[in-house]
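> Residue strings, one per chain:
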Amino acid sequence: MVSLLPAALAAGGFTDLELGLTLWTVVLFAIFAFVLTKLGWKPLLAMIEEREKGIHDAVGSAQKANEEAQRLLAQHQELIREAGRQREEIVKRALADAETVKTDLIAQARAESDRMVQKAKEQIEREKKLAIQELRSSVADLAVEAASKIVQSSLTPEAQKKLVHDFIDNLPQARG
Amino acid sequence: MIPWVLLAQAVHEPGAHEGAEKAVEGAAEHHEGIAEILMHHVVNEHYGDLYLFGLNVGPSKHLLWFAIAAALVLVVVRLAIRSYRNHVPSGLGTAVETLVVYVRDEIAEKNIGHDGRKYVPLLLSFFFFILVAALLGLTPFSSTATGNLSVTLGLAFVSFLAMQWAGISKYGFVHHFQNMIPPGLPLWLLPIMIPVELLAMFTRPFALMIRLFANMLAGHMVIASLLLLIPLMASINFAFGVGMVPISLVLALFIMMLEILVAFIQAYIFTLLTSIFIGMNAHPAH
Numbered sequence: 000m001v002s003l004l005p006a007a008l009a010a011g012g013f014t015d016l017e018l019g020l021t022l023w024t025v026v027l028f029a030i031f032a033f034v035l036t037k038l039g040w041k042p043l044l045a046m047i048e049e050r051e052k053g054i055h056d057a058v059g060s061a062q063k064a065n066e067e068a069q070r071l072l073a074q075h076q077e078l079i080r081e082a083g084r085q086r087e088e089i090v091k092r093a094l095a096d097a098e099t100v101k102t103d104l105i106a107q108a109r110a111e112s113d114r115m116v117q118k119a120k121e122q123i124e125r126e127k128k129l130a131i132q133e134l135r136s137s138v139a140d141l142a143v144e145a146a147s148k149i150v151q152s153s154l155t156p157e158a159q160k161k162l163v164h165d166f167i168d169n170l171p172q173a174r175g
Numbered sequence: 000m001i002p003w004v005l006l007a008q009a010v011h012e013p014g015a016h017e018g019a020e021k022a023v024e025g026a027a028e029h030h031e032g033i034a035e036i037l038m039h040h041v042v043n044e045h046y047g048d049l050y051l052f053g054l055n056v057g058p059s060k061h062l063l064w065f066a067i068a069a070a071l072v073l074v075v076v077r078l079a080i081r082s083y084r085n086h087v088p089s090g091l092g093t094a095v096e097t098l099v100v101y102v103r104d105e106i107a108e109k110n111i112g113h114d115g116r117k118y119v120p121l122l123l124s125f126f127f128f129i130l131v132a133a134l135l136g137l138t139p140f141s142s143t144a145t146g147n148l149s150v151t152l153g154l155a156f157v158s159f160l161a162m163q164w165a166g167i168s169k170y171g172f173v174h175h176f177q178n179m180i181p182p183g184l185p186l187w188l189l190p191i192m193i194p195v196e197l198l199a200m201f202t203r204p205f206a207l208m209i210r211l212f213a214n215m216l217a218g219h220m221v222i223a224s225l226l227l228l229i230p231l232m233a234s235i236n237f238a239f240g241v242g243m244v245p246i247s248l249v250l251a252l253f254i255m256m257l258e259i260l261v262a263f264i265q266a267y268i269f270t271l272l273t274s275i276f277i278g279m280n281a282h283p284a285h
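These protein sequences, in sequence, are chains A and B.
So the first sequence is numbered by numbering that gives the first Met the number 0: it starts at 0 and just counts up by one.
So the second sequence is numbered by numbering that gives the first Met the number 0: it starts at 0 and just counts up by one.
Just chain A, with the same shape it has in the complex (with noise of 0.2 Å):
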C-alpha cells in the first residue's frame, strides 16, 4: 500500500510539465476563443442584449403610456370639476337674473298702478270741477228764474239782479 504513491510519481507522474502540450493549449485556446466569440458569443449576446433592450423600451413605453393616461384622467377630472363650477355658476346667475327681473316686474307694476290710480284721481277731480262748475250755473238760473217768478210783481230788473249776485255769491265756494 506504502509503495502505491511513490510508485505512481516514479512511473512518470502527473506533476511532469510538457510544454508541447502547454504550447498546443495555448494556440488551440486562443483559436477556439477567437472563433467562439465569432461564431458564438458576439451574436448571442447581441440577441441576449436586444432583447433586454426590447423589454427595457417595453417597460419604458408601458410606464409612459401609463403616465399619459394618468395625465388625462387628471386632465378630464379636471374638465368634469371645471364644467361642475361653470353649471353651478350659470345656475346662480340665472337665478340672481330671474330674481331681478321679478323685482322689476313687480316695481314696474306698482308703479303703473300707482300711475293710473293717479290718472283716475285727477280725472275724477277734473270731472267733480266741472260738475260743480256747472250745477252752480244750473243753480244760478233756478235760482233766477225761481226767484222772477216769485218777485215778478214787485222787484224791478235791477234790484231783481243784485239779489240773484248776492245769492250765488254767498253761495258756498267750490271745493278744490
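I should point out that these hints are in silico values taken from the structure, not numbers from a laboratory.
Keep in mind it's a predicted model, so treat the numbers as computed, not measured.
Incorrect hints may appear among the rest.
[Unchecked claim] Below, in silico cross-link-like pairs of lysine to any residue (SDA-like), each with a Cα-Cα straight-line distance of 25 Å or less:
# : chain 1 : residue 1 : chain 2 : residue 2
1 : A       : Lys120    : A       : Leu141
2 : A       : Lys52     : B       : Ser89
3 : A       : Lys37     : B       : Val244
[Unchecked claim] Here are the simulated distance ranges between beta carbons:
#  : chain 1 : residue 1 : chain 2 : residue 2 : range
4  : A       : Thr14     : B       : Asn85     : 37 to 45 Å
5  : A       : His75     : B       : Ile264    : 56 to 64 Å
6  : A       : Ala64     : B       : Ile209    : 54 to 62 Å
7  : A       : Ser60     : B       : Asn85     : 15 to 23 Å
8  : A       : Ala45     : B       : Gly90     : 18 to 26 Å
9  : A       : Thr14     : B       : Pro185    : 57 to 65 Å
10 : A       : Val90     : B       : Asn85     : 53 to 61 Å
11 : A       : Ser60     : B       : Leu91     : 27 to 35 Å
12 : A       : Pro42     : B       : Lys169    : 49 to 57 Å
13 : A       : Ser60     : B       : Met192    : 53 to 61 Å
14 : B       : Phe172    : A       : Ala45     : 30 to 38 Å
15 : A       : Ala45     : B       : Gly112    : 20 to 28 Å
Glycine included, every Cβ here is placed at the ideal spot set by N, Cα and C.
Given chain A's structure and the hints, the job is docking chain B onto it.
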C-alpha cells in the same frame, strides 16, 4: 474513463485465489498493477512524437480531448443560437443563456465594472471550456484535458495575458507596472514591495493552474481508487472483492455526482478569479 479492460485483467490476474501465503505476495504484485492503472487513467499518453523547437507537440490523449471539448463547446453554443426564435431561446439555448447572462452580469460586470463587457467573450470561453471539459471527462472512455498540469498551465497563461492586458491597454506599459505599487507608499518599502508585487503577479495565475488541475485530477483519482478497491480486496479474498462491489459502486457514484458539482464550481472559480484579477489591474487604486 476507467480502462475497464485493465480493470478486468487486474481482477482475473492469477494469484488472487491462491493460498494465504501467496495472497500477500499477489497483493503486492497487484499494487504495482493498480498504481499503473491509476496512472494510466490520469496521465497523458502520447500517440506519436513530433518535435518543434525541442518541444514534443505530437498528438496525445489530452490534446485530443482538449480539441473534442473545444469543438463540443462550439457545437453547443451554435445549437443554443439556433434555438432562438424572435430573440427568445428554448431548450438548450435557455440553459446556455442563463450561464452566459450570469457570467456577464455577476462575474464580469461586478468584478471588472462596465468596461468588463469586452472581457465577457474570453471569460465565457474559459467558463464553458472548463465546464464542458470537466463534464466530458466524466463520460466513459474519455479523458479530462484540464486534469493535466500542462493544459492548465496553458489556460492560466492565457488568463495571465488577459490580466496584464487589462492594465497595459488602459494605462500603458510603464504606468501599468507603476500601478502595482500602492500610492503614498514610503520609499524605503519599495525594495520589499516590488518583489512582493512581482511575486503576486505570478502566483495568481499559478494558483489558477494548480487549483484547476488538482480539482480535476482529484475526483478521477478518488473514483478510480474506489473502483480499484474491488480487485485489491479480491486479491486478498474473492468474497471480500464481491463484498466490496456495492460499497465501491455507491461511493464512486456519489463522487461522480460530486464531480458534476465540482465541474461547475471550478469553471466558476477560474472565471471569477480571472475577472477579479483583471478588475484589480483595470482599477488599481483601491
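> Regarding A/Val90 and B/Asn85, is the given constraint of 53 to 61 Å on their beta-carbon distance met?
holds, 60 Å
> Indicate whether the distance between the beta carbons of B/Phe172 and A/Ala45 respects the range 30 to 38 Å.
holds, 33 Å
> Note whether the CB distance of A/His75 and B/Ile264 lies within 56 to 64 Å or breaks it.
Between A/His75 and B/Ile264, where Cβ atoms are some 59 Å apart, the hint holds.
> Hinted pair, alpha-carbon criterion (25 Å max): A/Lys52, B/Ser89. Please report holds or violated.
holds, 19 Å
> Given the hint that A/Lys120 pairs with A/Leu141, test it: the Cα-Cα distance must not exceed 25 Å.
Status violated; Cα separation ~30 Å.
> Could you say whether the range 49 to 57 Å given as a hint is met by the Cβ separation of A/Pro42 and B/Lys169?
Violated - the Cβ-Cβ distance for A/Pro42 and B/Lys169, about 27 Å, lies outside 49 to 57 Å.
> Is the distance from the Cβ of A/Ala45 to the Cβ of B/Gly112 consistent with 20 to 28 Å?
holds, 21 Å
> Starting from the hint 54 to 62 Å, judge whether the C-beta atoms of A/Ala64 and B/Ile209 obey it.
holds, 57 Å
> With respect to the beta-carbon atoms only, verify the hint that A/Ser60 and B/Met192 lie 53 to 61 Å apart.
holds, 55 Å
> Straight-line Cα separation of A/Lys37 and B/Val244 no greater than 25 Å?
The hint is violated at about 49 Å.
> That 15 to 23 Å hint for A/Ser60 and B/Asn85 (C-beta), does it hold up?
holds, 18 Å
> Taking the CB of A/Ser60 and the CB of B/Leu91, does the distance hold inside 27 to 35 Å?
Because 32 Å falls inside the window, the suggested range holds.
Hint check: violations occur at hints 1, 3, 4, 9, 12; the rest are consistent with the structure.
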